[in-house]
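Peer 1: Letter by letter, the chains look like this.
There are 2 protein chains.
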Amino acid sequence: MIEYTAIAGGICAPQGFRAAGVKTGIKSQTKEDVAVIWAACTSAAAGMYTLNKMCAAPVTLTKRHLTDGYARAIVVNSGCANACTGEQGLQDALTMVRETARALDLQPSDIAVASTGVIGTFLPMDKVTAGIRQACENLSPQGHDSTMRAIMTTDTFVKELAVEFVLDGRVARIGGMAKGAGMIEPNMATMLSFMTTDAAIQPALLKKALQAAVERSFHAITIDGDTSTNDTVLVLANGLAGNTLIDKEDELFDTFSAALEHVCIYLAKLIVRDGEGATKFLEITVQGAADFAGAKLAAKSIANSPLVKTAFFGQDPNWGRIVAAAGYSGAAMEQDKVSLWIGGHKIVENGQGTGFAGEELTKVMAQKDIAVVIDLGAGAASATVWTCDFSYEYVRINGEYTT
Amino acid sequence: MIEYTAIAGGICAPQGFRAAGVKTGIKSQTKEDVAVIWAACTSAAAGMYTLNKMCAAPVTLTKRHLTDGYARAIVVNSGCANACTGEQGLQDALTMVRETARALDLQPSDIAVASTGVIGTFLPMDKVTAGIRQACENLSPQGHDSTMRAIMTTDTFVKELAVEFVLDGRVARIGGMAKGAGMIEPNMATMLSFMTTDAAIQPALLKKALQAAVERSFHAITIDGDTSTNDTVLVLANGLAGNTLIDKEDELFDTFSAALEHVCIYLAKLIVRDGEGATKFLEITVQGAADFAGAKLAAKSIANSPLVKTAFFGQDPNWGRIVAAAGYSGAAMEQDKVSLWIGGHKIVENGQGTGFAGEELTKVMAQKDIAVVIDLGAGAASATVWTCDFSYEYVRINGEYTT
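Residue numbers (this note's numbering), protein chains in the order written: chain A, 1 to 403; chain B, 1 to 403.
Keep in mind that the hints were calculated from the coordinates and are not lab data. Beta carbons: idealized from backbone N, C-alpha and C, even for Gly.
Taking CB as the label site, the calculated pair distances span:
id, chain 1, residue 1, chain 2, residue 2, range
1, A, Glu360, B, Gly344, 52 to 58 Å
2, A, Ala380, B, Glu215, 35 to 41 Å
3, B, Met125, A, His345, 26 to 32 Å
4, A, Lys208, B, Asp68, 52 to 58 Å
5, B, Glu349, A, Lys63, 24 to 30 Å
6, B, Asp250, A, Ala380, 51 to 57 Å
Just so you have them, the derived chain B footprint on chain A, three or more residues with Cβ under 8 Å:
id, stretch
7, 47–55
8, 83–96
9, 115–123
10, 227–239
11, 316–330
12, 333–345
13, 349–359
From just these sequences and the hints, can you work out the full model?
Peer 2: Below, the structure is given as structure tokens:
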């Protein structure tokens, strides 16, 4: 078991990273909306992106710039997603990158770009470019805070973590920030997460570690099942911790991967806790599945069921909905072997109710954090996802006339 | 184009069908909750059932009884789904069938059974068997009305249709009834539909016609994407219209199939109109898809997106959510060729907003019936699904403490 020490500084905690967020007026005059994250030297870089076929211009450009596995900076804006903006959108994303490169004396191809906000409108480029120049001037080791604020949309609290751990006898650090998924400000928002580390690791292995960590974290949470046009997770590794370069899947790689997963899971859970209108935090574990894919399929089916989500909001112990959502997921399942626990209490055994119900179960449903465990009776694989309930507030936030 | 004349009588409109619903106290003393539908002679019978792996006892038994392709009666109850009830549940379903067989002097294997209501509780068999005896005594050509009431749960209006059409020079009739999908009373309910016809048709062809009709009707609607443990669609064809037996896929088969689809689509749309808390009726058509499966996948993805559904409730013209929901559906799509129409107005062309927005679009969003058409630019296939919005009322109905 590796020990992680939580430290201050977020994405600026690892050695050799600076950042700054500035107010440009894209969203309003009082909120940061453009930010730059900068690494002191060439860094291994890896990204994971939305699988949505309507993919925003900055995502297209970032994928292109990270193909060589290295980067030096990230430029980001909120308030406008630069999605469904065609050729003009690509030009605008390129201008963001070029402006950052000019201000920091870097190559445009070493810069990643991300956007979040309204779909289908063009970026106000005057404000954006002025903001980029300002952010590059303001870069500082304390800039994680203004950067975090610059990527927030409907988020109600800051989502950051930095940890320190021993790697190859050196002290290494990983810092991360994230903004929430599954909602609108004013149209539709995005899951963004940026991570930095001073560990030394080859790009291909950084990508591998990121993919595994995301599978168990950002890909294991769901607010409403909707996937944005702009979802982006990026990690930069500048190597300044001085460890032997991680270039194969050895013990060092495992240590680094575990630390990265730790940070990703922490941030992912915070996103769920800040789900729009959420009143409950639900951990859905599927066990006894035929394979991991089936376990995750069933867990996501339960987590995305509006009937399950409204039942938890209403504190209604409708366990039939949970079992039914697993049943229609497509995962292998032995109807007569299914068991279900809510808050540690066994509700279903061999596919039938155990009689744990009424007032006792109502008390469990009234808790804020609830663990749901279902055994499909079909194998030995398991998966966990995190989600929240559906409330009146969810409908209000997402249905309100805002445009 | 075939002409259908709508006639009175619902499932009792075709020759040789009787029905009755009675109050037994499963739900309350004031509502019908057990019903029997009876055919005067042996009838070709076909069914389609929930694909949920948690499949209720009556579904298991009905599948078994309809394997020979013939049946004489249907017995149904509401208020208890007889799901997640194990061996006892199967015995109870069998008792329902045996009691019906005894009262009507039929073979148990000629009887189909269906249930809807709470999951995980056992049927109060005293009430149920007494109700079955009473219903069999009450059978009448006017019994469609009490039968319809006996299958209603949270439905707020009756869903019935009977049509008359010319088949092989004879007058044939199809009658149908349905109860709503996607909700609870008090736990979770079910989509049930029973149809009767006096057309003469072989069981295998009746099954084929039913499958095609259901694909374009009950399988093309969605309230919240949840699938129940008890969903059942049954059709009985007693042949009393006197047409030449339909035993191949000829013109007669096409005429009959079109009429059955007409009835199914009518009933399916009524279910959507009665969606829990629905304030809008949405017709989602996907065109320009690579194939029918892709078109349906994208249409269902849009129809099930909570972000899309809350936007329509809030009359918020967030077209980015519609395009994004198609984008993450998995259907083939050419981002730069996508077009979108809402209420007949072109909102997106070649993947970009046309500028039709603001007050004009808000007026369109304020309508009660809204047609959404999206062209994926990836082929020539199309599909239509019907759905409703997500409202505060949906959350209230489904979140309310009821058990």
